[in-house]
Amino acid sequence: MADLSQAKPVVTRPVASAPPMAPRTPAAIAKEPMEVAFDISGFSLWYGANQALFDVGIQIPARAVTAIIGPSGCGKSTFLRALNRMHELTPGTRIAGRLRLFGEDLYAAAVDPAVVRRRVGMVFQKSNPFPTMSIAENVLVGLRLNGVNDRALLRQRLEESLRMAALWDEVKDILGRPGSSLSGGQQQRLCIARALAVQPEVLLMDEPCSALDPLATAKIEELINDLRASFTVIIVTHNMQQAARVSNRTAFFYLGRLVEYDETSTIFMNPSNPQTEAYVAGRFG
Amino acid sequence: MKRFFDAELETFRSQLILMGETAIEQVRTAIQALVEAKTGLAEQVIAADDRLDRLEVEIDNEAVRYMNLRAPIASELRLVIVGMKASHDLERVGDEATSIAKRAIKLSAEPPLKPYIDIPRMVSMALEMLRDALDCFLQVDEAKAVAVCKRDAEVDNLNRQLYRELTSFMIERPETISRAIELMFISKSIERIADHATNIAEEMIYLSQGKDVRHTEEVKKDGKPLA
Amino acid sequence: MTTPSQFQPTARRHAWRKFTSGAMAGLMLVCAVAVMAPIFLVLFFLVREGASSLDWSFFTQLPKPSGELGGGMANAIVGTFTLLAMAAAIGVPVGVMGGVYLAEYGSDRANSWIRFTADVLNGVPSIVWGMVVYGLLVVPFKTFSAYAGGVALGFMMIPLVMRTTEEVLVLVPQGYREAALALGIPRWKTITVIVVRTALKGIVTGILIAMARVAGETAPLLFTALGNNFWSHRLSEPISALPLQIFTYATSAYDDWHRQAWAGALVLMGMILSLNILVRVLSRDRSFK
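Chains as they are written, first to last, in the working numbering: chain Y, 1 to 285; chain H, 1001 to 1227; chain Z, 2001 to 2289.
Excised from the complex, chain Y in its bound form:
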């Protein structure tokens, strides 16, 4: 096996010239030519004196699912949190480089992180519906606390978001019950509905299934597949099979560096880097 201490060649094929893959699956068809959501170059991040990300350059397509994989501590969660500036909750972080969403610099001085986060929503590893709120209140909290009071609009967004999260049929008669009364998988879908309610452009998912059983995981994957049509989804996962199933593109991070980024089928079937090949097959990490 390759010497892993030298995570060297950064193979990042430019998006435009991605090789045509045997594209007979519906998932693969809907991908080219593509619009770039995140355009990132020379992006580095430090926690105090520790550098967590090194010179990451990547273009993430819009209205597609991009999976971020890599062993623990490789910087993939850090990278994800940098996409909506959630890493700033940790004191002492510092970044360098360019990070643009649809052409707009998210780190420009005039940009309010709260506005970034309204555009780039996030779903976490552990489902976290607010315990004091009902199912409906949980879905609508983002809108309400951002000043939306129109009852008809709230009602409409409630149903839309829950439908998009494939939860409406299960909860439409119990909207007043506490969000925490749902099962684990339902809670996670509730959190997805909550994130979708504020109509973000991008949905970040940080290991959204790692606390769920296989059936709930399958449901979330179905949901991610549906979201592909209208959202840019970026998912961090430790589950290689999940990355292979749901994503159009896959980025492999190792030791804070982007090692390889390509079509998911290429990453899994014919990666350029032996580390990537070993990692996706579960040989290391």
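There's no promise every hint is true.
[Said to hold, decoys possible] Just the calculated beta-carbon pair ranges, DEER-fashion:
# : chain 1 : residue 1 : chain 2 : residue 2 : range
1 : H       : Glu-1010  : Y       : Ala-109   : 52 to 60 Å
2 : Z       : Lys-2018  : H       : Arg-1003  : 55 to 63 Å
3 : Z       : Ser-2112  : Y       : Leu-153   : 23 to 31 Å
4 : H       : Lys-1002  : Y       : Ser-183   : 14 to 22 Å
5 : Y       : Pro-214   : Z       : Met-2036  : 46 to 54 Å
Keep in mind the hints are simulated off the structure, nothing from the lab. Note that CB positions come from ideal geometry on N, CA and C, so glycine has one too.
The hints should help you fit chains H and Z onto chain Y, whose structure is shown.
Frame of chain Y, contents of chains H and Z only:
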């Protein structure tokens, strides 16, 4: 539970069915070219062979892709592997059709040695076996698959019978030798097609039960029927 | 090196071990029961001595001059509630906001100083509080007053409320803050609407515990509220409180006053006990724990 990528397996199945139908059509057309002495039809068969080659490559790629990306469950994995093997068999059936078509062109230059009766009979038997075997992709029917394996013996018998007949022709009338040899090869091709159908049927039994029946008494000609 | 035999006790050793284990468990059970015994003793004495003097007039009438029978502690009961309300008016907002600052905003360095100070304040003897407020409010205004008493109790509540508020806010999982911030909700709204609301029961519990704690304080009131035998009409006048009244009556020479002191103690104990029961009820299902 139903998954969003289930459609890919359906596509995979229908590609296989398409390939099977294409192969059957190729064989049928080649035999028609022989019986009716139509070189045009024979050339058509030869030209269309790439379609089968392309389908085989596509099916293989899709099978590898599915295994790589979809973490197939056991029955899906069997389907995908069986699909790869069947596509290989079907590609060979297509090669036999091409070979029959080539011989049909040669034979068309001379008067027929004898009325074509046994060869069409053999072919319809072989193609029926092939179709029955392929039907199992849509609806697994193990009894049907076992029956296909056992019918292989009948085609073999016809082949041997034709062989003897053609041998006596050659002994009696040496000027028929070249035509008789061509016909022997055609007969052998048909017998090979039936063998490929048998292979596919054996794969189908594996597909439905995960049980490998190749080279066992269960499917041998003289074997006892399956319990 | 140990020999294997040490790990395979003989039947006799085994029996001895079982005996010592049982004996220790029994001893600890006795100690645990001993913790509960005083509360029963207190309640027993209070009820035995005080219940007979409890009647309707105890709650409705003013104290009678010495030597006259009857009368009640109505002014002291009302005074206690007045003082508690004033203490809460000072202690709750300052304590809760201080706790929110500690849990949500303060830097580690500032926090450790604030926490240390609060802990020291918690340890300040209550009579010292009384003296400080005496110097602060009684001497300059030349009169004992309800204000002074309320301020003294309020000061005592601040560190108590602050630390419990901080503790329950820290217990709110970080995930809720992140989830709210990730929805683009501003930080102050996240803290007030999501975090504080999630921890509200815990904060209220902390406030009630602090109130129960200061409700029975006598020492700080001796120098501040002073106490009297009348209705207090202005907060700038001295005001009575149950602990003060009990202190006065219990140290008097009259049997009737002694009985009334017992009854007052019973009422005070009842109040504190009900606060504690309320706390138990509130904290029964703290869903975020």
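Hint by hint, here is what the structure shows:
Against the hinted window of 52 to 60 Å, the Cβ-Cβ separation of Glu-1010(H) and Ala-109(Y) comes to about 53 Å, which satisfies the hint. For the hinted restraint 55 to 63 Å between Lys-2018(Z) and Arg-1003(H), the CB-CB distance of approximately 58 Å keeps it satisfied. At roughly 47 Å, the beta-carbon separation of Ser-2112(Z) and Leu-153(Y) lies outside the given 23 to 31 Å, and the hint is violated. The hinted window of 14 to 22 Å between Lys-1002(H) and Ser-183(Y) holds, with their beta carbons roughly 20 Å apart.
Take Pro-214(Y) and Met-2036(Z): their Cβ atoms lie about 50 Å apart, and the range 46 to 54 Å holds.
The structure fails hint 3 only (numbered hints given earlier).
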